[in-house]
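Student: Here the protein sequences line up with chains A and B, keeping their order.
Mapping of the first sequence onto numbering that gives the first Met the number 0: residues 0 to 170, in sequence order.
Mapping of the second sequence onto numbering that gives the first Met the number 0: residues 0 to 170, in sequence order.
Among these hints, one or two may not hold up.
Just so you know, same-sequence chains aren't split out, so a pair can sit in one copy or run between any two.
[Claimed, not checked] Dumping the calculated EDC-like pairs for lysine to aspartate or glutamate here, alpha-carbon to alpha-carbon at most 20 Å:
1. K51 x E164
2. K51 x E155
3. K53 x E145
4. K51 x E165
The set of hints was computed from the structure by calculation and includes no laboratory data.
Listed below, chain by chain, are the residues.
Number of protein chains: 2
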Amino acid sequence: MGFVQILDIMLASQRWEHLAATWDDTKRQELVKFWHALDGWPDSSKGLYRLKGKAIVGTLSNGSVRLLVNMAKHADLPWDVVFSGEILGSYKPDPQVYLGAIRYLSVPPEKCAMVAAHIHDLRAAAKHGMKTVYVRRSTEDVGVKEQVKRKADGGEVDVVVDSLEELAAEL
Amino acid sequence: MGFVQILDIMLASQRWEHLAATWDDTKRQELVKFWHALDGWPDSSKGLYRLKGKAIVGTLSNGSVRLLVNMAKHADLPWDVVFSGEILGSYKPDPQVYLGAIRYLSVPPEKCAMVAAHIHDLRAAAKHGMKTVYVRRSTEDVGVKEQVKRKADGGEVDVVVDSLEELAAEL
């Protein structure tokens, strides 16, 4: 199902019906298209280019393949491989997603790191033996991120960084 | 199944048993690894960078995801997306492969071109409404490629080129 169809279903519900009348088809298309042209974080592109020289870099997202490809082209995110819930047949935090990516990469899970700005995503990845890298992002995990700590500091993740450039420098 | 296992099965057959004794595990690993570090054609990397600015560029291969990622990193092939038989649940020329890539890209088939050095691959793609680009490669389709012609010249494919740079220039 496309995002416009999902939006249509939402707008048909009681909760959002006050918006349905004012958002016509053009507006709905626009709103959905917006996701395909998001800017990256200021460090994302440079950080990924540096990480690419040291490891295989891929996305593991619940977004559709086409959304991820468009995002990558718009924000110059040079992923080596695009994994999506659409490809992996399920959505995070379902184990099938993490295990699928590990299988396609043909690596032992402990040689594979999940990099995320959401602790729930890293908790799910850690269950399957993956390394975990927490990226503190101002808009994400509000009220949560201040408590996330490295195992070395008594916390639950392997690495905490403020940017992908910092991660690339640490590798 | 990994490539080493496939090689092991081949070498266990009567046809290849004369090699089995002389190729030990190290040699077998080496032979398989070789595929992961092939050089690209001289035009491939530059051509793909130019094509990337004009279109979404992906591989659609029967190779495994990891093989394709390794090839891309080794030969600097900047695919936007890696499609593999492994992801698409079947192998070319099965329709599922072409139709799967079209579905993931969310494009009408006629806005999607298969680019290949094998005419049988293009014939399969054309059945599903894809545009076809034939790349003449010295080592491929030996004895066949001289007969491949553009529709405009009474042939069966949309475009014939000698390199990806030539294709990028034509788009």
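Student: Next step is simple, just say for each hint if it's right about the structure.
Tutor: Quick rundown of the hints versus the structure:
1. In the homo-oligomer, the alpha carbons of K51 and E164 lie at most 20 Å apart inside one protomer (11 Å), although the nearest pairing across protomers, at 25 Å, exceeds that limit.
2. For a Cα distance limit of 20 Å, the shortest separation of K51 from E155 qualifies neither inside one copy, at 26 Å, nor across copies, at 40 Å.
3. In this assembly of identical chains, the alpha carbons of K53 and E145 never lie at most 20 Å apart, being 29 Å within a copy and 43 Å across copies at closest.
4. In this assembly of identical chains, the alpha carbons of K51 and E165 lie at most 20 Å apart only when taken from the same copy (14 Å versus 28 Å across copies).
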